Amino acid sequence: MALLNKIKKNWKSALIEDFEKYEEGPFSEGYTAISEVHYPSKKVFQGPWQEISNYHWWGKIHRNPDMPNWKIIRKNGRKVLKQTCNNKLNRKNWKYPIKKFFLKSKLQLILAFPALSAGDFLSDDYCFTAEVNPFMKDDLVGVIFRIIDGQRHYIFGIKKNKAYLMKRFRNDLKIIASKRFHYICDQYYELSVIAQKNRIQCLIDDELIIDVNDESFQAGKIGLMGNVPAIFRHVEAFIKPEAYKAYVLKKQNLKKRNKRIREKYPGMNLWKKIDISNLCSGRTVRFGDLTGNGIPDLLIAQGRPMSRGTNYNMITCLTAIDYNGNILWQKGNPSNERHCFCSDLAFQIYDIDGDGLNEVICTRDFQLEILDGRTGEIKLKIATPDSVPPYHKFPNIIGDAIYICNLTGKGKPQDILLKDRYSKIWAYDNRLSLLWEYQSQREMGHFPYSIDFNNDGKDEILVGYSLLDAHGHKLWELPLRDHADAVAIIKLTELSEYLIIIAASDEGLIFADIEGRIKKQLRLGHMQTVTIAKLIPDSTDYYIATNTYWGSPGIIYILDLNGGIVSSFQPSIYGSPIGPVNWTGEGQEFILLSAAPDETGGLYDGLGNQAVAFPDDGHPILCYDAFDLNGDGLDELICWDHDTLWVYACDNGPGNKSSWRPQRFPAPYNASNYRSNISI
Numbered sequence: 001m002a003l004l005n006k007i008k009k010n011w012k013s014a015l016i017e018d019f020e021k022y023e024e025g026p027f028s029e030g031y032t033a034i035s036e037v038h039y040p041s042k043k044v045f046q047g048p049w050q051e052i053s054n055y056h057w058w059g060k061i062h063r064n065p066d067m068p069n070w071k072i073i074r075k076n077g078r079k080v081l082k083q084t085c086n087n088k089l090n091r092k093n094w095k096y097p098i099k100k101f102f103l104k105s106k107l108q109l110i111l112a113f114p115a116l117s118a119g120d121f122l123s124d125d126y127c128f129t130a131e132v133n134p135f136m137k138d139d140l141v142g143v144i145f146r147i148i149d150g151q152r153h154y155i156f157g158i159k160k161n162k163a164y165l166m167k168r169f170r171n172d173l174k175i176i177a178s179k180r181f182h183y184i185c186d187q188y189y190e191l192s193v194i195a196q197k198n199r200i201q202c203l204i205d206d207e208l209i210i211d212v213n214d215e216s217f218q219a220g221k222i223g224l225m226g227n228v229p230a231i232f233r234h235v236e237a238f239i240k241p242e243a244y245k246a247y248v249l250k251k252q253n254l255k256k257r258n259k260r261i262r263e264k265y266p267g268m269n270l271w272k273k274i275d276i277s278n279l280c281s282g283r284t285v286r287f288g289d290l291t292g293n294g295i296p297d298l299l300i301a302q303g304r305p306m307s308r309g310t311n312y313n314m315i316t317c318l319t320a321i322d323y324n325g326n327i328l329w330q331k332g333n334p335s336n337e338r339h340c341f342c343s344d345l346a347f348q349i350y351d352i353d354g355d356g357l358n359e360v361i362c363t364r365d366f367q368l369e370i371l372d373g374r375t376g377e378i379k380l381k382i383a384t385p386d387s388v389p390p391y392h393k394f395p396n397i398i399g400d401a402i403y404i405c406n407l408t409g410k411g412k413p414q415d416i417l418l419k420d421r422y423s424k425i426w427a428y429d430n431r432l433s434l435l436w437e438y439q440s441q442r443e444m445g446h447f448p449y450s451i452d453f454n455n456d457g458k459d460e461i462l463v464g465y466s467l468l469d470a471h472g473h474k475l476w477e478l479p480l481r482d483h484a485d486a487v488a489i490i491k492l493t494e495l496s497e498y499l500i501i502i503a504a505s506d507e508g509l510i511f512a513d514i515e516g517r518i519k520k521q522l523r524l525g526h527m528q529t530v531t532i533a534k535l536i537p538d539s540t541d542y543y544i545a546t547n548t549y550w551g552s553p554g555i556i557y558i559l560d561l562n563g564g565i566v567s568s569f570q571p572s573i574y575g576s577p578i579g580p581v582n583w584t585g586e587g588q589e590f591i592l593l594s595a596a597p598d599e600t601g602g603l604y605d606g607l608g609n610q611a612v613a614f615p616d617d618g619h620p621i622l623c624y625d626a627f628d629l630n631g632d633g634l635d636e637l638i639c640w641d642h643d644t645l646w647v648y649a650c651d652n653g654p655g656n657k658s659s660w661r662p663q664r665f666p667a668p669y670n671a672s673n674y675r676s677n678i679s680i
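If you count by my numbering, then the sequence shown holds residues 1 to 680, one letter each, in order.
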């Protein structure tokens, strides 16, 4: 009896997928910049499958004209799964393994092949088989297995009349074994993998092609991949009866362990529900005291895209609400348009004139304005600056982000930074007099960070890859290409000097010193965020949390301050601000992944454990944040969509207050989708 037939007869069936239960049409929604900071509701039923890797390329020449990458189609009277992308970038001037030094900045693009996964991380010894029909021979198509995340797994596929067994470990893709195998396009081949302990056997049409030992990955999900268009018709997974018993026991033990972890921490108590119908455009909410009574209020912005794309979004309405849901004032006309923006809308709450009451600093209708926080009346305004190429769709800038800092040495932050989307930044004093302007030859990045590191009473500014003094003079600029998604400068007792950390998109995670020397560059993926806090249980040390998005999204890395990886986990494929949350008031903080009422949401510790889960009570999940709204020193969890905003407080008993209140940098009045989060 042939090996594969013997397994199918004697092993336990774990998955049978013929794709008949799915609707014809898109099988993946793909990723958009909106999902970097939002948690969208699913529009496509995917059964057990999840898109863990997605080829992305902004240039028109390499775009997939047949998006999305995965579709359910009907062929010869039956439903099949089609991978539509012809990933041409993978075939330009490189071979497996990647050796060309000049391709380092493009590794995230090169390794972002379309891939789906199913199953769970505990699966170890199994047989996985799929019928594959390649349309082209130019690049790999096949199966992936023992998937830990989108960057760690094995690949068994065919390419140019060869069969390959490979392993990917982050940005390292290596051939374990290969063998000549002649195949014909537009014909089905059954690709099978038998993984038992360290032994891996790869078969095509029940013929043993590769038989090797490798111990890189011992367990993980199964999946499908393709760098060329192909059809997948029938998928099955089998597990040995004795291995299945061990798997069930591991599942039970893991469930008990997770329950014990969650029982250590207080849960959530629903505190507020506020109607915000027709008032917000996704993650466009600020928290701060607008009335002067010492209680935080909500300022909600609604906006409208002024042109196609993500670079020109304008505030159309501002609504101030107290935390009981009463509207305090409104500027502009609310509408039922339900936009979500990946960019910031330029508005903040802060006492910019030093009178003891907060103002609202914002841009509207090509004006930079200072509004009275109590009434919304305009106190000062000027025209926004002239736009500059290539972001000059309009004569004046709309305003992408506002940052409050101390440039004039008044003893507290009283100055304003205003930037366009990527190219230029302007500095103003609190009377809106222009102090200076700066334009980089590199992309400006999303949001600045300020710190007075030379103790002259004025802030230095890190914006993009440029460090500026308080007068806007460039001190240095890092020689990096892709834009900076988040930037931070820290000085902790654990560090002998200032440390600069930058989530530099496809350039990875950058560690630099205050003199502008790059100390370390970790190419872990397309890096989105920087959070620094005490994240590991029973440890007083500070750790860095960062995550990936484009390419292999949703992988969260926890690192020490030297850049050593402590842990990594991938609960969700969606991007997340992963800000710190002071939930217990005992010194350890958690990171907020999302408001989803499953394992993809809630509060996680730095070891990848879900410590606090959201209840499955119908709350909104589109947007989420944490802020101390009731003044007890603990953060409340806020989640909202276009209709309602819910607030959860820590269920730790009445009247309990936190004795430990961390300082947050940048200060909470510098809110942004792209801010770093330093909590000490």
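No wet-lab data here; the hints were simulated from the structure. In this text, all values refer to a predicted model and were calculated from it rather than measured experimentally. Treat each hint with caution, since some may be false.
As the list claims (entries may be wrong) - Below, in silico cross-link-like pairs of lysine-lysine (BS3-like), each with a Cα-Cα straight-line distance of 30 Å or less:
#1 Lys381 to Lys410
#2 Lys8 to Lys79
#3 Lys137 to Lys88
Problem - Holds or violated: Lys8 to Lys79, with C-alpha atoms at most 30 Å apart - result: holds (23 Å)
Exercise for the section: Sort out whether Lys410 lies within 30 Å of Lys381, counting only the CA atoms. Expected result: holds (21 Å)
Problem - Proposed proximity, Lys88 with Lys137 (alpha carbon, max 30 Å) - result: OK: Lys137 and Lys88 at ~12 Å, within 30 Å.
The structure shown violates none of the earlier numbered hints.
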